[in-house]
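Chains as they are written, first to last, in the working numbering: chain A, 1 to 302; chain B, 1001 to 1372; chain C, 2001 to 2510.
Since the hints were derived computationally from the structure, they do not count as laboratory data.
Keep in mind that a hint or two might mislead.
The calculated DSS-like cross-link candidates involving lysine-lysine, where the alpha carbons are at most 30 Å apart (straight line), are [to be verified]:
#1 Lys1254/B with Lys1150/B
#2 Lys157/A with Lys2275/C
#3 Lys157/A with Lys2128/C
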Amino acid sequence: MSTLIGMIPSILMIVSPILITAIGGMICEKSGVVNIALEGLMGLGAFAAAAAHVLLEAAGFGVPSIWISLGIGALIGCLFSVIHAVAAINLNADQTISGTGINLLSDGVTIFAAQILFSADRTREFRMGMQTDALGIYPTAYIALVVVFIAWFVLYKLPFGMHLRACGEHPHAADSVGINVKRIRYIAVLSSGLLAGLAGGCIVLTQTIQYTSNTINGRGFIALAAVSFGRWRPAGVTFAAFLFGTAQAFAIIANNFPALRVLPTEVFNILPYIVTLVALVVFSGKNYAPRANGKPYTKGAS
Amino acid sequence: MSARKSQESLTTRLLGSDGAVSVLVVLLGFLVGTILVSLVGRNPLNMYKAIMQALSGFNIDNGKMNVRYIGETLNYSVPFILCGFSMAFAARAGLFNIGGEGQYIMGMTIAQVIGLLGPTVGTLHWVLAIIGAMIIGAFWGGIVGILKAKYEVSEVVSTIMLNYVALYLSRIICLQLPGATTYKTANYPETALLQNSLFRTITNNSMLNNGFFLMIIAVVVYWFIMEKTNLGFGLRATGFNREAARCSGIPVVKSIAISMAIAGAFAGLAGGIVALGSFRYGRVLSGMDNYGFNGIAVALVGNNTAIGTMLAGFLFGLLKNSQALMQGKQIPKEITFIIQGLIVVFIALRSAIAIYFAWRNKRQLQKEVLAK
Amino acid sequence: MDYAIEMIGITKTFPGVIANDNVTLEVAPQEVHALLGENGAGKSTLMSILFGAYNADSGTIRIHGKEVNIKDPNVATEIGIGMVHQHFKLVHNYTVTENIVLGMEPKNRFGMLEIAKAERRVAALSEKYKLEVDPKALVENITVGSQQRVEILKTLYRDANIIIFDEPTAVLTPQEIDELIEIIRRLRAEGKTIVLITHKLKEIKAVADRCTVLRRGKYIGTVDVADVTEQHLAEMMVGRAVEFEIEKAPANIGDVVLSIQNLSVADGTGHLKVKNLSVDVHRGEIVGIAGVDGNGQTELLYGLSGLAPVAEGTILLDGHDITHATIRERIELGLGHIPEDRQRHGLVSDFPISENCALKNYYLSPYSSKYGLLDYEKMEEDAEQLITQFDIRAGRGAKTLAGSLSGGNQQKVIVAREIHLSPHVLLVAQPTRGLDVGAIEYIRHRILAERDKGRAILLVSFELDEIMNLCDRIATISKGSIVGIFNQHEVTEREIGMMMAGSKREGGEA
Chain A
1 MSTLIGMIPS
11 ILMIVSPILI
21 TAIGGMICEK
31 SGVVNIALEG
41 LMGLGAFAAA
51 AAHVLLEAAG
61 FGVPSIWISL
71 GIGALIGCLF
81 SVIHAVAAIN
91 LNADQTISGT
101 GINLLSDGVT
111 IFAAQILFSA
121 DRTREFRMGM
131 QTDALGIYPT
141 AYIALVVVFI
151 AWFVLYKLPF
161 GMHLRACGEH
171 PHAADSVGIN
181 VKRIRYIAVL
191 SSGLLAGLAG
201 GCIVLTQTIQ
211 YTSNTINGRG
221 FIALAAVSFG
231 RWRPAGVTFA
241 AFLFGTAQAF
251 AIIANNFPAL
261 RVLPTEVFNI
271 LPYIVTLVAL
281 VVFSGKNYAP
291 RANGKPYTKG
301 AS
Chain B
1001 MSARKSQESL
1011 TTRLLGSDGA
1021 VSVLVVLLGF
1031 LVGTILVSLV
1041 GRNPLNMYKA
1051 IMQALSGFNI
1061 DNGKMNVRYI
1071 GETLNYSVPF
1081 ILCGFSMAFA
1091 ARAGLFNIGG
1101 EGQYIMGMTI
1111 AQVIGLLGPT
1121 VGTLHWVLAI
1131 IGAMIIGAFW
1141 GGIVGILKAK
1151 YEVSEVVSTI
1161 MLNYVALYLS
1171 RIICLQLPGA
1181 TTYKTANYPE
1191 TALLQNSLFR
1201 TITNNSMLNN
1211 GFFLMIIAVV
1221 VYWFIMEKTN
1231 LGFGLRATGF
1241 NREAARCSGI
1251 PVVKSIAISM
1261 AIAGAFAGLA
1271 GGIVALGSFR
1281 YGRVLSGMDN
1291 YGFNGIAVAL
1301 VGNNTAIGTM
1311 LAGFLFGLLK
1321 NSQALMQGKQ
1331 IPKEITFIIQ
1341 GLIVVFIALR
1351 SAIAIYFAWR
1361 NKRQLQKEVL
1371 AK
Chain C
2001 MDYAIEMIGI
2011 TKTFPGVIAN
2021 DNVTLEVAPQ
2031 EVHALLGENG
2041 AGKSTLMSIL
2051 FGAYNADSGT
2061 IRIHGKEVNI
2071 KDPNVATEIG
2081 IGMVHQHFKL
2091 VHNYTVTENI
2101 VLGMEPKNRF
2111 GMLEIAKAER
2121 RVAALSEKYK
2131 LEVDPKALVE
2141 NITVGSQQRV
2151 EILKTLYRDA
2161 NIIIFDEPTA
2171 VLTPQEIDEL
2181 IEIIRRLRAE
2191 GKTIVLITHK
2201 LKEIKAVADR
2211 CTVLRRGKYI
2221 GTVDVADVTE
2231 QHLAEMMVGR
2241 AVEFEIEKAP
2251 ANIGDVVLSI
2261 QNLSVADGTG
2271 HLKVKNLSVD
2281 VHRGEIVGIA
2291 GVDGNGQTEL
2301 LYGLSGLAPV
2311 AEGTILLDGH
2321 DITHATIRER
2331 IELGLGHIPE
2341 DRQRHGLVSD
2351 FPISENCALK
2361 NYYLSPYSSK
2371 YGLLDYEKME
2381 EDAEQLITQF
2391 DIRAGRGAKT
2401 LAGSLSGGNQ
2411 QKVIVAREIH
2421 LSPHVLLVAQ
2431 PTRGLDVGAI
2441 EYIRHRILAE
2451 RDKGRAILLV
2461 SFELDEIMNL
2471 CDRIATISKG
2481 SIVGIFNQHE
2491 VTEREIGMMM
2501 AGSKREGGEA
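Bound-form chain A, shown alone (with noise of 0.2 Å):
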């Protein structure tokens, strides 16, 4: 029991960075846009949280820097999902065409800018990332709390949120009576950008040194499972993430059970990919999406 105990800031390590992808990812389908670009805006933020933390550092910021780069990260993730908001939502784009872009430009731009920047593959290492609190957790789980609430919060609480899930259900009705629909997909769009990017950043911060190309490995399109799974309330997600975060965390806390040391760490690596999977086919929760989920916005098309 103890042990599980133990494994908890290792969960919430592996769980936050994915549980406020997913948040983003769930704020903008809500709206009515698919964003599968989450994984290549993860590696972007990532990628430029991981430069701007070891230029910084060199520079002498100290602490501070990981915070800037943070910021930094978010702010990439949400300057390139700008590409998404204007294929999708000004230009009618199939939105998993444009989302499928993002992710190969995300591949192109990270690792050529690391070749420009640092003359190799790959960012240069850093010496020290996120420090633990008292009790061994990142600021990253408090960072994702945070999230959830704010996300919940202005979703079921305020006006802005409630224009916000009628975009996504019956955007016509919306623009009936008088909401920007164009206007609040854009918002919604850049949050999950801003998001995705926070959660690259997270990654890179506390799990590694530096970003390669394998850094995010998937994690964008577990988040995107997530809100499937998690039928797009905040509740869900959450606990949707926990579990495929909980999967992905087994590689690392399997050291802790003798029993299952014996076994190739492929077999681990694969667990979290199967168990969305799986939760995706038993669970397919298709007729809880938001009813214009993925359909372009056309004016009077009613």
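Let chain A serve as the given structure and place chains B and C on it in line with the hints.
For chains B and C alone, kept in the frame of chain A given last:
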């Protein structure tokens, strides 16, 4: 007056055609790439020199010709084209197959297994390996199709998950193969290889192999199924309007599963060809080759047609072959990834162009009406 | 005369069509003004311009004498114009209150939503105008009539003085239509100006003061409703004499071809929408299913055609049990289907007419060889014949993409295809929805022709006139079950209306 009118509509039609959009998008991608390279202080001309060399074998800097580059470009094109067809086939049936990567990996893995453990009998050996690769690719794709058709599971997420499962599964399997180290296995017996001695002689020892012919056959099969058969008709109807197809009696669940299976077979074939054509030993993967992901861009640029996808695949093969040359000229090879990503994003331009034309027609009509 | 609404010289074009061509509309204050026209005449477009959903290309709008520029619904709302849409613009999983206050929510000083306050306001409004609704109910759970009242309350919540009703009676039972007419009269008494968009002549005669007629985007004329007959209005609407009742030969009824026994079908969420339904259809007769949308008709047809699984009961076609047969098996056994939603189920818009006509039998000869190779030329040949036979207007003949055809021609393609397959039973749903009068007449004649040839036809329609006109026997469906089956001559519209609401009538079969 009417001659000019018909000429105008021809240019308008050409401009609005899908082929033109693809060319435009590719050019735009290169343009942005060029600007980016200059912005970071490198010489974009080097990028184009590298591409030229990969295409023609001709080295502009020293005036020497090496046919091997042409062979390599063609060879690299093969998996791009096949993965492009994988995506295109699924797209014609209304599905977005991002799982090409996983299907490719599984195909490669099984080909490696049969390559190392299969019967060392002349042609039979590699034929078995290739067939095995296609079957496992079909299986890997078929699962996705069934999950989508029966359980409404989004193929976007399920394919990505299966990609990663494939990667780690491949490692688990390949690490058990004879002579396995952390990155390779023992060498294949000669009978497993797809080597073609004629190709080797005329292309100065490039890796171009029989896989090239297999690819051509696959393309013909794709075109034939899609355009000439019952199956293709049903698939196309399902892709355009699944509910209408269902209402007309077309077995939609089966169609979706079959199209994903065929799409998977294409990608699996690509994996098998790369495994036994370009390498002398099996590989224990530590990352993804990305042919599967790039197949997405290939199909989008090629607009899911047979000719278009071949051309697009060739373009990507060309870009890949030029990477090492570029790196040698101080251009980070990732610029090709960026160009490919931009191309996919710019495909969104297609709908923008449609919007533009609709707007133009409307203005035209307005002018006519108000003039009355 | 001081008008409440003046729309002068309004012109509006869309790609390929002139929706409004120099139209003028003048509505007096506190009158109920009907806007009459066929489908596609431009009525909805004109009112959408008034409501700010579209912007006119040219023309002026004056409200109570003052010129206004209504560039979006917000401006329209501020001026006091409200619209009750034909397809309700309600968020299905919000409550009645949330839908009504959306966009104008009461907030406390922290900016947080005050739903309780909103609910009280809604209750007060509902009380004042006698529009019964439950403020806390989820919109997806209330009746269609209630949903419409929510739409009306949305306009009243925003202090609308001018209320536009867009085809409001399409989804109501005869009783609910009476209630709506009462509501409109009450609103007029309260000082509201009402514009009623409709193509239903009876309702215009029942409640409107004056009526403006549009045809193909052009203004035809304005009349005092009391001074004209329905016939006159119909002629203004269409431009020629209109056939109100179809000549029908007496039925020549044979044996049972389709037998539906104790059928139960669930909808997408698992709720039973068809409950223990039984009805038989004989050769040479048209059996009509009368009822308001949402009482199980859609699910009934899904269950019969195979689009949805059957929960309980049996379906027999020519003696074969097709209850669990695949859709293709049913088609092969002779089941034809003209679906309710032609875009969704009837046609593949990206396919040409030739391929659409072959959608159900492309895999059989003569279109398909033994090895699965297709003969596209034969498909084209056959399609060209159908185009001539059914007078389908298609720019490029059989090669025309189905998506570029008009609604009427699309429906003709579907009808042509189904008839060409010589089915034993024809399931027909809403065959004339959204079509112009010419197409409507044509399709109705065709259906009767098939009945005269000896086919068994099951007709589902929400237009009571259509049912009364075409059918030999009429079954009324309410909440998923048949409430009564009567011969055409033995039942009146009023009685069917009451059965739609659930009450049973004596006599007939039940």
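Query - Structure-inconsistent hints, enumerated in ascending order - result: 2
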